[in-house]
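**Student:** Protein chains in written order, with the working numbering: chain A, 1 to 335; chain B, 1 to 335.
Honestly, the hints are just simulated from the structure, not real lab data. Accuracy of the hints is not assured; some may be wrong.
To be verified - Simulated crosslink set (DMTMM-like; lysine to aspartate or glutamate; CA at most 25 Å straight-line):
#1 B/20 with A/193
#2 B/300 with A/287
#3 A/20 with B/316
#4 B/89 with B/193
#5 A/325 with B/197
#6 B/109 with A/28
#7 B/333 with A/323
#8 A/325 with B/144
#9 A/147 with B/287
#10 A/208 with B/229
#11 A/172 with B/287
#12 B/333 with A/92
#13 B/20 with B/38
#14 A/333 with B/201
#15 B/300 with B/316
#16 A/325 with A/287
#17 B/325 with A/16
#18 B/208 with A/92
#19 B/325 with B/312
#20 A/147 with B/229
If you're wondering where the values come from, they're calculated on a predicted model, not measured in any experiment.
Number of protein chains: 2
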Amino acid sequence: MAEPTNRRFLLRTRPEGRVKRSDFELSEQPVPTPAPGEVVLRTRYLSLDPTNRIWMTDVEQYMPPVAIGEVMRGLGIGEVVASASPDHKVGDLFSGLVGWQDYIAVVPKAPGWIQLPSGLPVPLPAMLGALGMTGLTAYFGLMELGKPRAGETVVVSAAAGAVGSVVGQIAKLQGCHVVGIAGGPEKCAFLRELGFDAAIDYKAEGWKAALAAACPRGIDIDFENVGGDIMNTVMARMNLHGRVVLCGLISGYNSDQRPTGPFDTILMKRLRVEGFIILDYLPRAMEGVMQLSQWMMAGKLRHHDTIVDGLEQAPEALNMLFDGKNTGKLLIKVS
Amino acid sequence: MAEPTNRRFLLRTRPEGRVKRSDFELSEQPVPTPAPGEVVLRTRYLSLDPTNRIWMTDVEQYMPPVAIGEVMRGLGIGEVVASASPDHKVGDLFSGLVGWQDYIAVVPKAPGWIQLPSGLPVPLPAMLGALGMTGLTAYFGLMELGKPRAGETVVVSAAAGAVGSVVGQIAKLQGCHVVGIAGGPEKCAFLRELGFDAAIDYKAEGWKAALAAACPRGIDIDFENVGGDIMNTVMARMNLHGRVVLCGLISGYNSDQRPTGPFDTILMKRLRVEGFIILDYLPRAMEGVMQLSQWMMAGKLRHHDTIVDGLEQAPEALNMLFDGKNTGKLLIKVS
């Protein structure tokens, strides 16, 4: 019997558009042996995620991109096949960044490695899915950023995907009206089976009208996995003070022009962008005026204005704001 | 002596691009007399604000647009010149939506009218500026949405404008490093005089590099009044978990294509858009796994996956995510 080898996918070239087999070199090496304190894991399952595509591109992102010549980064589950750690034995299961390879030698106590309990009551793949990073993404993204309240309308894009399918189920558990957007009738049937209140096939004619009809009270939360036209369509139907959980922008990941736009930055840097109109704070106006007056009386805040004389000047004077002709507050002195 | 008349600017046509005098009809009417409970205000000062331009355009916005033939809406300060209200006398001052006209009859107790205290220790224009709606916009926008912490870097666009000049001063009072963006050396000098740590002239060559140099620790808060290229440039330099207070998008208000983009929607609907990457929540992973497991064990949450067999399939299988070929979690079974 041939000696087992460790097959490793090394990133050879940065993909342009879709990923090609030839962007990688499949290199074979001997199976590693564990140094003291290490174990050798044999990969059982590898998780494929949209973010893998980002890691292949040399742009600023939330982790360093994979370097050319390195083993492709990937999350997975590995089983201990050799142990030089007194605390871990053959058969133990770990999840972590096993990479696109058969074997990896790791220090199991290092950060990033999570030992799975033995005798799992669910199939192993669920530990990378609904009970793994995918499930956590859905759970914390929806609960912490979306903050769903019973009766609100939640729209999920890429709803039949790993994260989306869990988001929708959790939103239902919160008592929300849940609408999923997915491509094709089979995926939409799957969403209804999962308990989504409505499923919109974005490949079908008239999907925007169908989305509107499925959200008669507007949209309170957009759990966004896609970006582009789908995101813009959902956003345009959102209610006052709605929340967009920007979790993914898969529509752009195969583009080599990225990151092009502000939404890429919002995602990678986890920015919070919030629309503000003073109307919402008028009930607290007195509190603001008190503080501002106090600062002004203490000489810590200055008022400055540009005053134009005469009501008849109003229309043309308004353009000063757009031409940058005023400093401070622009006013018309009427009388 | 001629009888005084009430000059009123009625919106005649919706402006295209810049506002023209001919977009309005200046109609003269007799000065109104107060009905019982009313007072007649004579406009003293009229506030000109970028949002006035939005009100002239027939698009979905945070208030109804001004109708054709209506008096142009505008905030201002009026002085009582005739009273049929027992509680108000000639000389009392009110701020509210006086409109682009000399006189208006109002019920001073109706919502939206604020009586100014008599014997103001500041000039009247300040009550429309730093101590008025402008100041409140700066104060609540920065404090409630921006949540500045001492030592953080705050960038303000349209910094020499009414709101921006107050935002910068308040940010300094919070102990922040404050950088203003404005057009031209005079405005930049004005910002430095107000105490801004740096002022960037966006009309000068190399302003993007100057902005970077003025923000050596990145940008934590963008108080955004402008949008477009200025916003994108600021956002690209933001730190992890930065906050964008989207208060205005003046660069687009003269465009008749608006509202074009998602940022218009974010502003008008006061949406909160937040980037999310699960890394930030890994310290709380156990909490999430516990909840998800509980739901799964109770039959309330389903895991679903698409499994591809063989490590060698990894590169091509990744494309399934982008082609929509998977339902639920996509995995490679390696061994």
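**Student:** Take the hints in turn and mark each one as holding or not.
**Tutor:** Against the structure, the hints:
no. : hint             : in the structure
1   : B/20 with A/193  : violated (58 Å)
2   : B/300 with A/287 : violated (46 Å)
3   : A/20 with B/316  : holds (6 Å)
4   : B/89 with B/193  : violated (41 Å)
5   : A/325 with B/197 : holds (23 Å)
6   : B/109 with A/28  : violated (83 Å)
7   : B/333 with A/323 : violated (62 Å)
8   : A/325 with B/144 : violated (30 Å)
9   : A/147 with B/287 : holds (17 Å)
10  : A/208 with B/229 : violated (30 Å)
11  : A/172 with B/287 : holds (20 Å)
12  : B/333 with A/92  : holds (18 Å)
13  : B/20 with B/38   : violated (34 Å)
14  : A/333 with B/201 : violated (30 Å)
15  : B/300 with B/316 : violated (33 Å)
16  : A/325 with A/287 : violated (32 Å)
17  : B/325 with A/16  : holds (20 Å)
18  : B/208 with A/92  : violated (53 Å)
19  : B/325 with B/312 : holds (18 Å)
20  : A/147 with B/229 : violated (32 Å)
When held up to the earlier numbered hints, the structure conflicts with 1, 2, 4, 6, 7, 8, 10, 13, 14, 15, 16, 18 and 20 and fits the remainder.
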